[in-house]
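Peer 1: Single-letter residue listing:
Number of protein chains: 2
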Amino acid sequence: MNERTKFILDEKEIPTHWYNIQADLPEPLPPDLHPATGKPITPDDLAPLFPMELIKQEVSTERWIEIPEEVRDIYKLWRPTTLYRAHRLEKLLDTPAKIFYKYEGSSPPGSHKPNTAVAQAYYNKQEGVKRIATETGAGQWGSSLAFGCATFDMECKVYMVGISFQQKPYRRIMMETWGATCVPSPSPDTKVGRDMLAKWPDCPGSLGLAISEAVEDAVSRDDTHYALGSVLNHVLLHQSVIGLETKKTMEQAGVYPDIIVGCIGGGSNFAGMYLPFLKDKIDGTKPDLRIINVEPASCPTLTKGPYAYDFGDNAGLTPLLKMYTLGHNFIPPPIHAGGLRYHGMAPIICHVYKAGLVEAMAVPQLSTFAAGITFARTEGIISAPEPCHAIKVVIDEALKCKESGESKTILLAHSGHGHVDMASYDAYLHGKLQDYDLPDDLLQESLAALPQVD
Amino acid sequence: MNERTKFILDEKEIPTHWYNIQADLPEPLPPDLHPATGKPITPDDLAPLFPMELIKQEVSTERWIEIPEEVRDIYKLWRPTTLYRAHRLEKLLDTPAKIFYKYEGSSPPGSHKPNTAVAQAYYNKQEGVKRIATETGAGQWGSSLAFGCATFDMECKVYMVGISFQQKPYRRIMMETWGATCVPSPSPDTKVGRDMLAKWPDCPGSLGLAISEAVEDAVSRDDTHYALGSVLNHVLLHQSVIGLETKKTMEQAGVYPDIIVGCIGGGSNFAGMYLPFLKDKIDGTKPDLRIINVEPASCPTLTKGPYAYDFGDNAGLTPLLKMYTLGHNFIPPPIHAGGLRYHGMAPIICHVYKAGLVEAMAVPQLSTFAAGITFARTEGIISAPEPCHAIKVVIDEALKCKESGESKTILLAHSGHGHVDMASYDAYLHGKLQDYDLPDDLLQESLAALPQVD
Numbered sequence: 021m022n023e024r025t026k027f028i029l030d031e032k033e034i035p036t037h038w039y040n041i042q043a044d045l046p047e048p049l050p051p052d053l054h055p056a057t058g059k060p061i062t063p064d065d066l067a068p069l070f071p072m073e074l075i076k077q078e079v080s081t082e083r084w085i086e087i088p089e090e091v092r093d094i095y096k097l098w099r100p101t102t103l104y105r106a107h108r109l110e111k112l113l114d115t116p117a118k119i120f121y122k123y124e125g126s127s128p129p130g131s132h133k134p135n136t137a138v139a140q141a142y143y144n145k146q147e148g149v150k151r152i153a154t155e156t157g158a159g160q161w162g163s164s165l166a167f168g169c170a171t172f173d174m175e176c177k178v179y180m181v182g183i184s185f186q187q188k189p190y191r192r193i194m195m196e197t198w199g200a201t202c203v204p205s206p207s208p209d210t211k212v213g214r215d216m217l218a219k220w221p222d223c224p225g226s227l228g229l230a231i232s233e234a235v236e237d238a239v240s241r242d243d244t245h246y247a248l249g250s251v252l253n254h255v256l257l258h259q260s261v262i263g264l265e266t267k268k269t270m271e272q273a274g275v276y277p278d279i280i281v282g283c284i285g286g287g288s289n290f291a292g293m294y295l296p297f298l299k300d301k302i303d304g305t306k307p308d309l310r311i312i313n314v315e316p317a318s319c320p321t322l323t324k325g326p327y328a329y330d331f332g333d334n335a336g337l338t339p340l341l342k343m344y345t346l347g348h349n350f351i352p353p354p355i356h357a358g359g360l361r362y363h364g365m366a367p368i369i370c371h372v373y374k375a376g377l378v379e380a381m382a383v384p385q386l387s388t389f390a391a392g393i394t395f396a397r398t399e400g401i402i403s404a405p406e407p408c409h410a411i412k413v414v415i416d417e418a419l420k421c422k423e424s425g426e427s428k429t430i431l432l433a434h435s436g437h438g439h440v441d442m443a444s445y446d447a448y449l450h451g452k453l454q455d456y457d458l459p460d461d462l463l464q465e466s467l468a469a470l471p472q473v474d
Numbered sequence: 021m022n023e024r025t026k027f028i029l030d031e032k033e034i035p036t037h038w039y040n041i042q043a044d045l046p047e048p049l050p051p052d053l054h055p056a057t058g059k060p061i062t063p064d065d066l067a068p069l070f071p072m073e074l075i076k077q078e079v080s081t082e083r084w085i086e087i088p089e090e091v092r093d094i095y096k097l098w099r100p101t102t103l104y105r106a107h108r109l110e111k112l113l114d115t116p117a118k119i120f121y122k123y124e125g126s127s128p129p130g131s132h133k134p135n136t137a138v139a140q141a142y143y144n145k146q147e148g149v150k151r152i153a154t155e156t157g158a159g160q161w162g163s164s165l166a167f168g169c170a171t172f173d174m175e176c177k178v179y180m181v182g183i184s185f186q187q188k189p190y191r192r193i194m195m196e197t198w199g200a201t202c203v204p205s206p207s208p209d210t211k212v213g214r215d216m217l218a219k220w221p222d223c224p225g226s227l228g229l230a231i232s233e234a235v236e237d238a239v240s241r242d243d244t245h246y247a248l249g250s251v252l253n254h255v256l257l258h259q260s261v262i263g264l265e266t267k268k269t270m271e272q273a274g275v276y277p278d279i280i281v282g283c284i285g286g287g288s289n290f291a292g293m294y295l296p297f298l299k300d301k302i303d304g305t306k307p308d309l310r311i312i313n314v315e316p317a318s319c320p321t322l323t324k325g326p327y328a329y330d331f332g333d334n335a336g337l338t339p340l341l342k343m344y345t346l347g348h349n350f351i352p353p354p355i356h357a358g359g360l361r362y363h364g365m366a367p368i369i370c371h372v373y374k375a376g377l378v379e380a381m382a383v384p385q386l387s388t389f390a391a392g393i394t395f396a397r398t399e400g401i402i403s404a405p406e407p408c409h410a411i412k413v414v415i416d417e418a419l420k421c422k423e424s425g426e427s428k429t430i431l432l433a434h435s436g437h438g439h440v441d442m443a444s445y446d447a448y449l450h451g452k453l454q455d456y457d458l459p460d461d462l463l464q465e466s467l468a469a470l471p472q473v474d
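In order, the protein sequence lines correspond to chains G and V.
Reading the first sequence from the start, the letters are residues 21 to 474 in the working numbering.
Reading the second sequence from the start, the letters are residues 21 to 474 in the working numbering.
Among these hints, one or two may not hold up.
[What the hints assert, rightly or not] Residues on chain V that point at chain G, a partial pick, calculated with CB under 10 Å: (1) Lys-96; (2) Gln-146; (3) Gln-454; (4) Tyr-456.
[Unchecked claim] Computed footprint of chain G on chain V, listed as stretches where at least three residues anywhere in the stretch have a Cβ under 8 Å from a Cβ of chain G: (5) 126-134; (6) 162-172; (7) 196-209; (8) 442-451.
Because the hints were derived from the structure by calculation, they are not lab data.
No residue lacks a Cβ here, since even glycine has one placed at the ideal position from N, Cα and C.
Please take these sequences and the hints and turn them into a complete structure.
Peer 2: Next comes the structure, spelled out in structure tokens:
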């Protein structure tokens, strides 16, 4: 146990630029399409929703995009985050593998989300926007945007899926603590919300409905923009701070990963980790690097979905994105890893997966909690249900190394702590959790509703 | 904003020794007394409850006590903790004061408690003990001891005050995640629990009752010891890692605090911070150093209690400790800072307060949440209700500096995050919290029951 446990960069070493994989892709990304016309979307189409700097970042092919000094100043509240060597997990597994994990749970909301929330708040503030509207499911993104807006003294309005608003009050209270207004969706604050409440007063809400409310809010007010917490290219760009810090830290320690593992819902956390490493695979420096995207078996976007144009939201309001998708009408089973219950996937991830540059793997829920318990009892950290998916695969890969005797270096992207998710551990520990089959006919029905694009 | 935000020691700089203030006290501590005989307690009296190394530490006057290598290895999972400069809070207050805070919320359970939990588990393991029993109120200590026992592969049994077990499930689930068994007290697992359940099946429990259960559990089994999370000298000793790290970090940064502020319940977090600094005041190096112990106005132990021998627990089972006390029967109003709802105070803190070496201040609940909100919206961190008490006084002192134009250095001991305490923020934000008067007749009644000691 004499080897180092924690690897921490100095705050002066917070990256000065985000890394943009679009500069290094073997083939360019397919364009996003306008949902009404099916033609490539234009900056003007997006201007009512996003500040121009983010619209530019969305399609930029510049390799390095400068992180504004004001954003880096906020990053300093919790960045650089720590890279850990999992000595105690390795010892328990009796593996020759070296396991490292980069931990984003030390941010104020406890996850990677503020890496982009702070940047998005900044660019909106720069363009004179005073208020941002967004939707949130379980509340991880809403609370992070609330924090981001607090740091730039902006208003924030969050439409939270009604049933989560009732069942998961902690994230709502965090939003309020940071000064945001959070309402259950459907709400009386928008036309789409009022219409739904008139038809169905007890409507439990859905992410699609909440998106509709946030978008209506943003386009109907001059002082307000909209913000998304994953999937889009500029979100992945901002998250590249994770991978850039990790790469620099590992360089200083004289190691390079053989395998990088992370969980994917919309994909921003894990892409943020691996895109700076993937660059080395694309340019031929590290041809053998393995990158494993881990998704829930009950929401197997990469492993079971087709690669097709689809809407990003259930309501069919967003641009059409080329991605692996289970269909925008797909309702995933109620697994506790709410952040992974998404029908689609970041187009950048889909593009590099299609190109064979990265792998994907699907794991069932119960195995992920078993892995999370092992992690907590060795490394201490109680992980959110989402990164438990990645921990499961890390343990499997480390045990394969035990079999083969190989001393591989495995890097885990750990997206956050589970202190607000303890109910899911309770259900697991007391035998109340289950795995879910994904009925093929359900999937086929959902895929039949994919939009037709020429 | 160009000045440094975070100050982080290398993990090699985790202290190798704890600091024991008993070596430097101007007068020695009064002895603890046996509850039955009123005579000074002997090591043999304590042997059924604690390992001999901890019993020795309790009365040791050695200045430096070595931290076992195995304990330092576990500390590395989260230590050294970060010292922050609160630039954004300073800016909001427009104060010339320099505000620093040492943050213990990055430990696995989210507070300072594992600093001693890990050490206590270690010494018990060394002496062949396989199992530790303890009590917990809201669950912060129980979850920390569960974590500590997990790191040394020991069993842990926690008797949790029944009403908290029902109302605050998150900490109970954390304990179970780390492998501990947690039962609501009164429980059928002990005689004292069974007797109470027979008399009062719906008894909501109390800390005193839970202590009785844990102590009965420990003395009735050969493989089991008991553990306490605050108050005792050896607990404060272990917590001195906080102050030692802070002192070293500040030395490297070329600063020394003018004022140190922290909250006190049993006192272990704040004493852990300030005892290594108090040394400099006692030896005359820093005669002007101010140390402010902050307590709740509704549980004003130092500011309103007499200095007298009293039991550490409500049930009157513990040794008699010389301390400021509100009487062991005192039931504090239901403020949300559960960790500060204690009738007594660490004898070491009482001793140095009596000697005029440190100050005390009592603050009402509402003002502490207002301070916590300000802190969250500037520094990001959502603080537990306990450190919000200290933040309130830090802000007041910083505003005094604004008045006077003095650029004082203020150091805050920040004991942990509030992610599991969001219900208290909810109550505050929605106007459902109140301040409590402390009726003088209630206090007098409680003090009338103080044990008579010659």
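Peer 1: Can the segment 442-451 of chain V be counted as covered by chain G under the rule of three residues or more with Cβ-Cβ separation shorter than 8 Å?
Peer 2: As far as the segment 442-451 of chain V goes, the hint holds, because 5 residues have Cβ atoms under 8 Å from chain G.
Peer 1: Take the segment 126-134 of chain V, compare each residue's beta carbon with every beta carbon of chain G, and decide whether three or more fall closer than 8 Å.
Peer 2: Since three or more residues must qualify, the claim that chain G covers the segment 126-134 of chain V holds, with 4 doing so at under 8 Å.
Peer 1: Would you settle whether the hint for V/Lys-96 is holds or violated, based on the nearest Cβ-Cβ distance to chain G being less than 10 Å?
Peer 2: With a minimum Cβ separation of about 4 Å from chain G (threshold 10 Å), the hint on V/Lys-96 holds.
Peer 1: How about the segment 196-209 of chain V: do at least three of its residues have a C-beta closer than 8 Å to a C-beta of chain G?
Peer 2: Contact hint for the segment 196-209 of chain V vs chain G: holds, 4 residues under 8 Å.
Peer 1: Residue count check for the segment 162-172 of chain V against chain G: does it reach three with CB-CB under 8 Å?
Peer 2: holds (count 3)
Peer 1: Against chain G, is V/Gln-454 within 10 Å by beta-carbon distance?
Peer 2: violated, 18 Å
Peer 1: Min Cβ distance, V/Gln-146 to chain G: is it shorter than 10 Å?
Peer 2: violated, 17 Å
Peer 1: Is the interface hint satisfied for V/Tyr-456? The criterion is a beta-carbon contact with chain G at less than 10 Å.
Peer 2: V/Tyr-456 check fails; min Cβ-Cβ to chain G is 22 Å, beyond 10 Å.
Hint check: violations occur at hints 2, 3, 4; the rest are consistent with the structure.
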